[in-house]
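Visitor: From just these sequences and the hints, can you work out the full model?
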Amino acid sequence: MKILVPVKRVVDYNVKVRVKSDGSGVDIANVKMSMNPFDEIAIEEAVRLKEKGVASEVVAVSCGAAQCQETLRTAMAIGADRAILVETTEELQPLAVAKLLKALVDKEAPQLVILGKQAIDDDCNQTGQMLAALLGWGQATFASKVEVADGKAVVTREVDGGLETLSLTLPAIVTTDLRLNEPRYVTLPNIMKAKKKVLDRVLPAELGVDVAPRIKTLKVSEPPKRSAGVKVADVATLVDKLRNEAKVI
Amino acid sequence: MTLLVIAEHDNASLKSATFHTVMAASQISLFADGQVHLLVAGHNAQGAAEAATHIAGIAKVIHADSAAFAHGLAENLAAQVLALAGDYSHIVFAATASGKNVAPRVAALLDVAQISEITRVDALDTFERPIYAGNALATVQSLDRIKVITVRATGFEAAARSGGSALVQPAAAVAGTGGTQFVGRQIARNDRPELTSAKIVVAGGRALGSAEQFSAVMTPLADKLGAAVGASRAAVDAGYAANDWQVGQTGKIVAPQLYIAAGISGAIQHLAGMKDSKVIVAINKDPEAPIFGIADYALEADLFAVVPELAAAL
Numbered sequence: 462m463k464i465l466v467p468v469k470r471v472v473d474y475n476v477k478v479r480v481k482s483d484g485s486g487v488d489i490a491n492v493k494m495s496m497n498p499f500d501e502i503a504i505e506e507a508v509r510l511k512e513k514g515v516a517s518e519v520v521a522v523s524c525g526a527a528q529c530q531e532t533l534r535t536a537m538a539i540g541a542d543r544a545i546l547v548e549t550t551e552e553l554q555p556l557a558v559a560k561l562l563k564a565l566v567d568k569e570a571p572q573l574v575i576l577g578k579q580a581i582d583d584d585c586n587q588t589g590q591m592l593a594a595l596l597g598w599g600q601a602t603f604a605s606k607v608e609v610a611d612g613k614a615v616v617t618r619e620v621d622g623g624l625e626t627l628s629l630t631l632p633a634i635v636t637t638d639l640r641l642n643e644p645r646y647v648t649l650p651n652i653m654k655a656k657k658k659v660l661d662r663v664l665p666a667e668l669g670v671d672v673a674p675r676i677k678t679l680k681v682s683e684p685p686k687r688s689a690g691v692k693v694a695d696v697a698t699l700v701d702k703l704r705n706e707a708k709v710i
Numbered sequence: 017m018t019l020l021v022i023a024e025h026d027n028a029s030l031k032s033a034t035f036h037t038v039m040a041a042s043q044i045s046l047f048a049d050g051q052v053h054l055l056v057a058g059h060n061a062q063g064a065a066e067a068a069t070h071i072a073g074i075a076k077v078i079h080a081d082s083a084a085f086a087h088g089l090a091e092n093l094a095a096q097v098l099a100l101a102g103d104y105s106h107i108v109f110a111a112t113a114s115g116k117n118v119a120p121r122v123a124a125l126l127d128v129a130q131i132s133e134i135t136r137v138d139a140l141d142t143f144e145r146p147i148y149a150g151n152a153l154a155t156v157q158s159l160d161r162i163k164v165i166t167v168r169a170t171g172f173e174a175a176a177r178s179g180g181s182a183l184v185q186p187a188a189a190v191a192g193t194g195g196t197q198f199v200g201r202q203i204a205r206n207d208r209p210e211l212t213s214a215k216i217v218v219a220g221g222r223a224l225g226s227a228e229q230f231s232a233v234m235t236p237l238a239d240k241l242g243a244a245v246g247a248s249r250a251a252v253d254a255g256y257a258a259n260d261w262q263v264g265q266t267g268k269i270v271a272p273q274l275y276i277a278a279g280i281s282g283a284i285q286h287l288a289g290m291k292d293s294k295v296i297v298a299i300n301k302d303p304e305a306p307i308f309g310i311a312d313y314a315l316e317a318d319l320f321a322v323v324p325e326l327a328a329a330l
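As you go down the protein sequences, you meet chains A and B in turn. One gets the numbering used here by counting positions in the first sequence from 1 and adding 461 to each. One gets the numbering used here by counting positions in the second sequence from 1 and adding 16 to each.
All the pointers check out, no bait thrown in.
Below, simulated DSS-like cross-link-like pairs (lysine-lysine); rule was C-alpha separation at most 27 Å, straight line: (1) A:Lys-513 / A:Lys-568; (2) A:Lys-463 / A:Lys-654; (3) A:Lys-702 / B:Lys-240; (4) B:Lys-301 / A:Lys-686; (5) B:Lys-215 / A:Lys-686; (6) A:Lys-692 / B:Lys-294; (7) A:Lys-463 / A:Lys-513; (8) A:Lys-702 / B:Lys-294; (9) A:Lys-677 / A:Lys-481; (10) A:Lys-686 / B:Lys-294; (11) A:Lys-513 / A:Lys-613; (12) A:Lys-658 / A:Lys-463; (13) A:Lys-708 / B:Lys-240; (14) A:Lys-692 / B:Lys-240; (15) B:Lys-301 / A:Lys-702; (16) A:Lys-702 / B:Lys-215; (17) A:Lys-686 / A:Lys-708; (18) A:Lys-692 / B:Lys-215; (19) B:Lys-301 / A:Lys-708; (20) A:Lys-477 / B:Lys-301; (21) A:Lys-477 / A:Lys-692; (22) A:Lys-477 / B:Lys-294; (23) A:Lys-708 / B:Lys-294.
Not everything, but these chain B residues come out facing chain A in the computed CB check (under 10 Å): (24) Ala-111; (25) Ala-119; (26) Gln-130; (27) Gly-150.
Read the hints as simulated data drawn from the structure, not as lab findings. Quick reminder that beta carbons are idealized off the backbone N, C-alpha and C, glycines included.
Guide: Next comes the structure, spelled out in C-alpha cells:
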C-alpha cells in the first residue's frame, strides 16, 4: 500500500513573528523555517505504518518554491522513500494545494493520504478536507490514533467533547492531531541517505491546475497589545482585586 | 441576498457556538439588507429546530432529518449543505471541531475558497482572521461568488435566543455516502460549563505533575468559581488532562471574563488560545514565565500552596 504525505515549509513554531510596519505582511526574511509540526507527525505515522508492514512505500510531496526541497529531504530522512516537489513561486492557498494533490493522487494512486490538520502559518485547517471532497474519499480529521487493516482505517479523532472513532474504507484521507505520535529525531546517517533518495519536480501547469489565489490579503496588522499588570503578594490581595477592582467574581 | 448558517447542535438543543455564528452572519447581512437562514441537519432534531426558530435575526430554519446525520459525519453533512447551497451568498459554520471538519468539504465541492476563523466582519466579502497563532491579524477579501466561512465564536457576541419567530421548512435529507462509519464516542459528561463559553476558566499546566494532582488541585477551585477547566498542551500530552481541555492555537480558543492559569508557562501557542480573556491571573513559581507578560494579576508562588488557599478563600 502506498501512502502519500504532503508536507509544508513554514516559519518554525518557536519564532515569534513580527508584522511589517507597512502592514503588507509578516516579516519572514531570515527567519528559521521548518516542516510544519503536524506534517512531521504525518510523515512519522506513515513511516511507522511502513515499519509495521502495512505500507510498502511512503511518498512525500511539497508545493512551493525550490527551498521546499529542504523540507522534502527532512521527510526522507524521517523515512519517506521518495519525494515530489510541485514547484511554483505563486502564493498557494488550500484549494489550489488540494487540486495539485488530487492530480498527484490520480497519478500515484495511494491508498492513504495523511496530512497535518493545519499549517501553523495560515492556521487554515482545510487542505485535507478539501482533498477528500475533490476525490470523493472519506475523511478522518484530527486523528490521535490510526489503525490500518483489511482495507480499512480505524481512526480515533480528537473532537470538542472528547474522542470519537470512525472506520473508513480505503482509500481515505487522515489529518493528524498533536497526540497521534511523537516524531523521531532525524539521525545523521538518515540525513545522508536522504540526499540520495529520488526527488522529482513537476510544475502546476503540467498537472493541469490553475493555482490562482481566491482570497486577497488587504493588510496584516498586529493584534491588540496586552501588557503585564500588577504583582499580587498573596491570595488575600488577589481575591480582593478580583472582587473589587476587576469585579470578575 | 441570503446567508446560510449551519447550526451546531445535539439534536435536542443548540450549542452556544451557533448563537455567535448567527451574530457573525447577521453582521454580514447588514451590508446588503440580507436574510439569514439556519440549517439544522440532524437525527430526530425537532428540539434543536424549534429552538432555532426563536433566535433573533433568523428568517427561516431549514430542518433536514436523517439517521445519516446522527453522528455528524462530514461526508453526509457536506452533501446536505451542497444540495441546499443554491443561491446562498455565504455559507457560515462555527469554527468548532464539527464546523472545521465539514466546511472545507463544502467549499471544495463548490470550488470556492474558505475563510477560516473570522474574528470580524468588514464588508460582504472582507473579514479579519488570525494567522501565525494570532500573532498577526489578516484582513482578507474573498474573490469567490460564494463565501464559505468558519466563525471564531469569541470574536462575536451571541445572538439573542429569543425574539425571533422563523418558520421551519423541512428539507429532504440526502442519502449517506456509506464509506465512513461511526464506531464509537468517548465524550465526558459533567456539570461544568462548556470551556469555550464559560465565564470563568481555570487552567492547569504540566507543573501539576499527575492526573490525580491535576484533579485534586484544580477541581475545588473550579467548583468554587463555577468554572470550566482547561489545560496546557503539555499537561494534556502528559496525560494529566483530557484532550478536549487543551487551550491553545490548535485546541480551544477561549475568551472568558476570568482566566486563571496555574503552573502554565505561557508558550506562544497557549497564549493564542486565551489572550483575549478579559482578566488573566497567572500563578507560577517561575518569575520568568512568559505568561506574566500578559497577566493582569501575577502571583509568583507555588501553585500547590496557593491554589487550595485561593479555593478556600472564595
